[in-house]
Amino acid sequence: MAAVFPSAEWLKELEAKLNSDERYAEIAKNWEGDLFFFIEPEGNLKERLTFYLDLWHGKCRKVEYQPAPDAHPNPAFTLTATYNNITAILSGRLNPMTAMMTSKLKVKGSMGYMMRNVPTVLDFVRVAQAVTTDIL
Amino acid sequence: MQPILKINLTSGETEEYLIPKQWEKDFLGGASLAARMLYETLTADLDPLFPAAPLLFLTGPLTGTFGPTTGRFVVCGKSPATGLWAESNIGGFWGPELRKAGYDGLWITGKAAGPVYLWVEGGRLEIRPAAHLWGMETYAAQEKVKEEVGKSSARVCVIGPAGEKGVLFASIMCDHGRMAGRTGLGAVMGAKNLKAIAVRGENEIPVFDLERYKTLRSEANRKLKEDNEAKVLRELGTAGAANYAEYLGAMPARYYTSGSFPAVDEVSGAKVMESILVGRSACQGCVIACGRVVQFPSDLAKRKGPEYETMVGFGANLLNGDLASVVELGEMCDRYGMDTISASNTIGLAFHLYEKGILTKEQSGGLELQWGDAAVIRQLVQMTASREGLGDLLALGSKRFGAHFNAEEEAVQVNGLEVAYHDPRGVSGMALSYATSPRGACHNQSDYFFVDWGHSHEEIGIQFIERQAQAEKAANVARHQDWRTVFNAIVMCIFANVEPQMQVNLINAACGLDWSVEDMLTFGERSWNLKRAINNRLGLTSQNDILPKALLTPLTDGGSAGFAPDLTAMLSAYYQARGWDPVSGKPTREKLIQVGLEDVAADLWGK
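The listed protein sequences derive, respectively, from chains Z and H.
The first sequence begins at 3 in the numbering used here and counts up by one.
The second sequence begins at 93 in the numbering used here and counts up by one.
Here chain Z stands alone, though its shape is the one from the complex (with noise of 0.2 Å):
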C-alpha cells in the first residue's frame, strides 16, 4: 500500500524512486544541488511541514523529514508553497512550471540553475506524482 502524502513515508518512497527511475537518473545526471520543501499550512495540514532531499547527479542521497531548523544550513534552493498548490502539482491539476511562473511555488536560489534544468525539475515532478495518489 502507498504511502499517504504528506508523511515520512511517503518521502522514504520518494527517495526510493528517485533511486530506481532511468529516465530521472538520465534527465538529471548534471544536477548537484539539496533542497528544502517548506509546505505551509492550508486545508486539511494544520502545521508547517518541512522536506529535505539531497538530489545529486540523478540520485537522491538523502531524505529527513522534519529536519532540524540548522541542520542544513546553506542548501541550494528552498521552496516554499501552501499545502493546497503543492497537491495540486502532486495530483496533475497544477502545472508545476504555472506554479513557478506565477509564484505559487516560490523559488530561493540560483533562478539560472533553475532554468538551465528545467527537464529535471519537470522529471522531479513526474516522479514524485508516481508516488502515490492518496493525499491527506
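Don't read these hints as lab results, they were simulated from the structure.
There are no misleading hints in this set.
Below 25 Å or equal to it, Euclidean Cα-Cα: the simulated BS3-like pairs (lysine-lysine) are:
(1) Z:Lys61 - Z:Lys19
(2) Z:Lys108 - H:Lys315
(3) Z:Lys106 - H:Lys317
Quick partial rundown of chain H residues pointing at chain Z, CB under 10 Å, derived from the structure:
(4) Asp319
(5) Lys323
(6) Leu325
(7) Arg326
(8) Ala333
(9) Asn335
(10) Tyr336
(11) Ser360
(12) Gly361
(13) Ala362
(14) Lys363
(15) His547
(16) Asn589
No residue lacks a Cβ here, since even glycine has one placed at the ideal position from N, Cα and C.
Starting from the known structure of chain Z, fit chain H onto it as the hints suggest.
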C-alpha cells in the same frame, strides 16, 4: 494630460495640441491614444517615407511615475516595412524626461531641408542643424548631442546610419541601447532628416491622486521584486528563457527549419551570467533590471549584453554557437540603428536561400553563406546598414528579399514584419499572435508564449491550455491581446508581472478613473479593434491573417517535432471570439459599436 507638441519640420512651425477629454478617457495614452490621433491621417496612399507621414512619440499616463516598469513610451506611425499600423514600445529614460519637459508627446510631420535634431527643454523647442551628426552611430550621436545642448542629464532619442539610409527595419534608440526596434520607424525618422531628439525637464509629472498612487506603486514594486519571473529576468535577463524555450522546441534554429540547438548552453542568458556579466541595467524606476552589462576578459569596454531575441537571432537562428560574436552582432545593430530580429531573420533567409541554391555565390558578392560563420554574418550586418552590395537587398527585409529571388514563400514573416523567435510549433498560441497582430509578426502585442510556457492569468480568465493545443485557445489569445494592449497604452513593460487588479488601481489613481478590471479589458478590446480598423482602411483583409510556410510545416527534431498549428481552425475560432467578419476581416459593426467605436463603425461599414 499635458499638451502634445506638433512640429512641422518642413515649415518649422509648432503648435501645442490638447487631447480631447473624451479621448483621454477612452484611449488613455501610448499606442491606443496614438491610434485614435492618427486614425484619419493614415491612409492607403500615404507613403510612410514621404514628408506628410506622421511620426508620433507618445507617453502614457503612467510613464515616469515610478510605477512598476513604467519608464516607457511608444513611437507610432505607418510602417515602411508593412504599409500597416506601426507602433514600437521603448524603455530607457527619454519618455519620463519628455513629460518632465512639459509635453506628453511629440507629433512630427514634414521633412527638414537638411539634417536636424530637436532640443526640447522646459516647454521650449529648438530645431538645430545636424549635418555634422549625419552618418554617426547611435551612442556617439547621443553623446555629441548632449555635449552640444550643454546638459549631460538630457535624454536623447537617435537614429543611426541605417535610419538615414532607409533600411526598412531601422530602429530608434535612447539611453543604454533601449530600442524602438520594430516596424522601421527609424527609417521614417531618417526620411524626415531628423537625426535626434533631446529632451530635458524638471516639471512634476501629473498624477491625479499622488498619495494613493504612491501607496499603490510601493506595494506593486515590492511584490514585483519578489516575483519568480522577475527574479529570472533580473538574474539572467530575458535570454534566461533560452534553455527552456529550446527544451520545448519553441526556439527556432537554422532559420526555422530546426527545433534543436545543441549549443544552447553556450549561447544563453545563463551562460552570460556565468561568464561575462558584470552588471545590470534598468529603465527608469524599474525594479527588475533585465538589461545586461557584459565585459570580455580581453576587453576593457563594458557592453550591452544581448536579450533573448538578439541571442536567438544571431545564435540559434544562424547556428552560431559563439557567444562573443552574438554580443558583438547585437551591438553592431544597436550602433547602426537596426532591429536585431528583422536583421538576423533576413540574414537567416539569405543563408537559407544560399543553402537551397536559390541565392548564388555570385549574387552574394563572393560571400559563402555557411551556417555559423560569424565573420560572414558580421559582414552582412555592416553591408545592410550601409546598403552595399547584397546589403542593399537585405535592407528591404525578408519579404522583399525573398521576392527578389522569386522565393517570397520562404521568408518567415507576416505582412512584411519578420517573425520573432518564439516558434508557434512549440507554443501554438503564437500562431494567432503572429497572424493577427496589428503590426505584422509581433511577439509583444501578445507574448502568449508566456502563457504556453505555463504562466496562466486565472483572474482574468486566461487559463493554461496545453502548449500545442489548437483552436481551443483562440479566445484566450484574444483576451491576452486585449490585456497587453493596456500595457502598450499606459505604458508598462510586459515583463511586469503585476496583478490586473493592481494595474487597474494604478490607472484609476493616475487618471482619476473608477474602472474595474473588466472595464480595463474592454478598453484593451476597444483599442485592439481600433488598430484593426486602421489596418482595414490601409487595405488589410482576412487574407492577411496568415503564417509563412515554414511555421506550418512540422519540425523533425526537438521538443515540438511533428506538430504544426491548424491556423484555419484557430482563425475561425478567433474571429468568432473577436466578433470579426471572417470574409472581410473587419470587426463587425455590432462589435465596433459594442466597444464604443461608433464613428469607426460608420467609417468601415457606412452610416
